[in-house]
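Undergrad: So the sequences go chain by chain: A and B.
For reference, each letter of the first sequence is one residue, going 96 to 351 in our numbering.
For reference, each letter of the second sequence is one residue, going 1244 to 1708 in our numbering.
To be clear, the hints were calculated from the coordinates, so they are not data collected in a lab.
You may find that some hints are simply not true.
Said to hold, decoys possible - Residues from chain B that keep clear of chain A, each with C-beta distances beyond 10 Å, as calculated:
id	residue
1	P1267
2	V1279
3	N1310
4	S1326
5	V1383
6	N1420
7	K1479
8	F1509
9	E1554
What the hints assert, rightly or not - Under the rule of at most 20 Å between Cα atoms (straight-line distance), these lysine to any residue pairs were calculated in the SDA-like manner:
id	chain 1	residue 1	chain 2	residue 2
10	A	K259	B	L1328
11	B	K1537	A	I277
12	A	K243	B	G1416
13	A	K243	B	E1448
14	B	K1537	A	R110
15	A	K132	A	S173
16	A	K111	B	S1533
17	B	K1415	B	E1448
Stated by the list, open to error - Okay, the calculated bits of chain B under chain A, using three or more residues with CB under 8 Å as the criterion:
id	segment
18	1667–1674
19	1693–1705
The model shown is predicted, which means the values in this text are computed figures rather than measured ones.
For every residue, glycine included, the Cβ atom is placed at its ideal position computed from N, Cα and C.
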Amino acid sequence: MDTIYLELAQALEARKPVCLCVVADSSGSVPRPAGSKMLVYADGLTSGSVGGGGLESEVINQALEAMRLGKTKLLEYSMNPNDENAVGVCGGWVIVYIEPQLEQPTLLILGAGHVGLAVAKIASLMDFRIILNDDREDALENLSVPDKVEFIACDMADLPNKVKITPQTFIIGVSRDAQLDIDGFPALLETDFAYFGAIGSRNRWIHTKDAMLEAGVLPEKADQIKSPIGLRIHAITPDEIAISILAEVIQHMHKK
Amino acid sequence: MWKHYHIVETSEQLAELLATQEGPTKIIAGGTDLMVEINNEKWQNLDTVLDISRVVALDKIWQDKENNLHIGAIVTHNDVLHSRLLRDAAFPLVQACYTVASPALRNRATVVGNLVTASPANDTIPTLMALDAKLVLASVRGERIVPLSEFYKGYRQTALEKDEYVKEVFFKGLTANQRGSFRKQGLRKAQAISILNCCVLLSFEEDVISDAKVTMGSVGPVVMHAPSAEAFLIGKVLDDTVIDEASRIAASDAKAISDIRGSKEFRDYMMKELVFEALHDITRDDLRQSIPRKPISLNTKDDWSGVKQGEWDGDTIRTTVNGEEYILTGASKMSLLHLLRDKLGLTGSKPGCEEGECGACMVFLDGRAVVSCLIPAARAHQANITTIEGLGENGQLDPVQISFIEHAAVQCGYCTPGFVMAAVKLLQEDPNPTREQIMAGLSGNLCRCTGYTKIIEAIEDVKHP
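Okay, chain B solo, but in the shape it has when bound:
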């Protein structure tokens, strides 16, 4: 874990803390990447963790006077999915965010975090690179603007200096004559790291393509453009022959590598298909309908305030769990899951994969469903948490629990608390979900014995009190 945990209150404080740290230091926002590495003991000598997840100045999506759209450092993937500004002027980014992980992960995972982790498979990078996005890197020395295309220096290496943090990413919104689409190939629809992904962004004058951006991820150490395909597209009219030829050229630009997720041959073949699909998307009038306007996010809280200042002493966690207030010491160097289980004895939340993959540890944090294995315990400070033990009223089971029992949607039961939590939050968000919405809501939960049909039926059949 870590030696010191800071709950950062303002961006100024963050810059100062970064400037004065001596030992290995990491910034944590959503923690969905970093906590996986910490749980797997990749950071044995980690000295300090700086939690920026409640710095309100970094939680903004807005448009400036030059029509640039700004996304602050702690804006989550779900925030992007629900932003009308971004749906209107950066739809490919909404597409990319929609393919990332599952709703509970998207409640925590930030777009800037996705950029900083710098994996070539990360889904927001190709889109933001096609949009020619720029990053604002901040430190006590001031701010500098670095184009995303110059930010990556190699596999998982960035231009960030030791004392810097990414304050925001910004880019020009799409105009009426620009269209784009994002496509991803994963092993399944949710919770999958991309085997390949790509973004195509075209500008038109009348019907003729005046500018083209084709970006491809997970083909090499960094996300890259397809320069020959871009050059080929300019001056063309987007018809079937051009789409065929452009996707073939893009695949040959990719020079894909082989790794654990796919061979070079598979990637070469699939990249052609992905670019083909993305170009076809651009000709579709109904592309926008591929993503619901209000995707299920397992979040019923629209707003939160920053952390109360000056109350964090480095260890003492003051938190509310299932309506009870707790003051806990010596619990700040573990995950929220272990705080709940080992310190409070609330063992309903289960450790499964402890990588955010299975959902067995799902709890509500300030109104949002989250996986507690990827949340530092100290994030519970000044927060409101509900676990499976907190469902139901006056000793009665929650209607979701009753329906699970009636439908025998349980076998060994280990994953069940996670499924119940996801279902309860789903029904709070939309009391009459469609089957598709139920499946989207459960996409972050894995079950190995009962199977999903009975679980879905149980949720469809919940009797509302």
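One chain only, chain A, in its complex shape:
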């Protein structure tokens, strides 16, 4: 087996963002043949090689962009010095396939009340990591939740220290009290999340936002939070609201 796959497996296990670059096809004189592989990490470090030199540094840049966008790329490079955009002088051409290894998306549900539980249950049908948070350690006592839900009891503001929040993390604010949001949201707003929504009436959100601004949160930060959370489907019950929230998450996740 190609050792690059072992290293890839280790990176995935350690949940390190990584991008696989493969020379998919080549013709004429090229530094490395089809099948050559390279891993690119988020900090630009690499392992393996697709040929070195100008070609490789261009592939690294493209890989870093692919990781940011979460999209694959198929790129053709000429190494014929007569071509305008040639990345080398070997003479041939290569096609490089770039595949960012996306981590499983995470739902970080703030509040283990009726709606939080309904979101966790319905989301368990999909491929999410599901973290349910509440400041009450006994919030789930005598309740049945899907096995894959991870329950972490702590103050909302503590979560960035306990959970790695990444551009694949969807934050679902469904706490029972606006004050909990006012105390907890600012720390979460400092993280690099994919989506952040908050439940509540328009009045609750105005109250929460005003209090956060007063506490020194910048308006453009606060405006990253979508409130009211969820698509407008006139949902009423917790299950219905959960469907509206998850529909919005899916919409956001697949929007490119």
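With the hints as your guide, set chain B onto chain A.
TA: Just chain B, lined up with the frame of chain A:
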């Protein structure tokens, strides 16, 4: 068997029932230890069995505000294997659970049960002892916290009072500078009681070991630490010389005994090897890959709800078997296997060893493959059961059965229903299993005549409808 069977609904009710019992009483969760003893008539005068397997409050894995990880009383070994919290912060426990029995047993066997049975060979004890785990013992008098290291009072003896139950076990999750590994020596990879096991847990400051825990099971009447090896490791850098010396010292700490599973000489020799391997594991970058992220568990149900309250009258079992609803009386004092065979005439499920070893009695209980010989019949109450007779649709055989026939993966046929059930559940869990996954899925089934190659080939070749 037992005189009275209670299906417990809440933890409060459990404490009250324990406080008021007069005759010999046992708590049953998975039953994978207790039912073996009951089937072997070890408990002739058992008065009451308290079934806690559906008390939802005891079915939680969670992390508290101080980063303690909590494992409730009815959390199974398979639950641990699939918990991301535990894989991230207690990998040695995941390793230990992965070596216990087979998938169908792990669907029922609980971690707390493994602790309470208190056999020095039980695999979760060394790891949880290395993690400095604590138990919450509960009763009507309140709760008390007992460190696992003080819980064992001798061979199969614990600090549990008559009216107490273990509510949960908890411990601090591993931090970024801690690494550990669990190792076990059994006669084979699955379904084996440990001849020896050990857990090593090291804390590092830069490259220097700042704290060391070395625990060893199945060497004496209780699981023990290796104090000289622990002291030796502190302050060292983990290189080959240190690993060699530490494993030699650990083996001399063990002062192993001879018994039916191994002689003292064998144990002394093997303990050195096990500690050596565990210490080497800690230097490996790819240790996590030794266990798949989603190990085959023969379980396609992610969730269940507790039992409906107030419907259990002490005997009447209301159950669904192969889609048919039954109301059964006078069937609550036997195993599920005998209920199916003797009361319902469903003789496809076979009594083989009746110890959970052979898998010939395998059925599905609420979506999980289980061995019915180790399940009290009353667990069928408000449950959904599928037996070999319930496979296939409209009188047609299941594709797995057809493939077994085409590959002649059958000889005397006695074990075959169990193999077919395991294979059907395996393919529900993963429709395209690798050979390794097939072997893992079948590890709880024994066959004495056909051999395994044809059975594995039959499963590899199942034509999906």
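Undergrad: Against the structure shown, which of the earlier numbered hints fail to hold, in ascending order?
TA: Numbers 3, 4, 11, 13, 18 and 19 - these are the hints that the structure violates, sorted from lowest upward.
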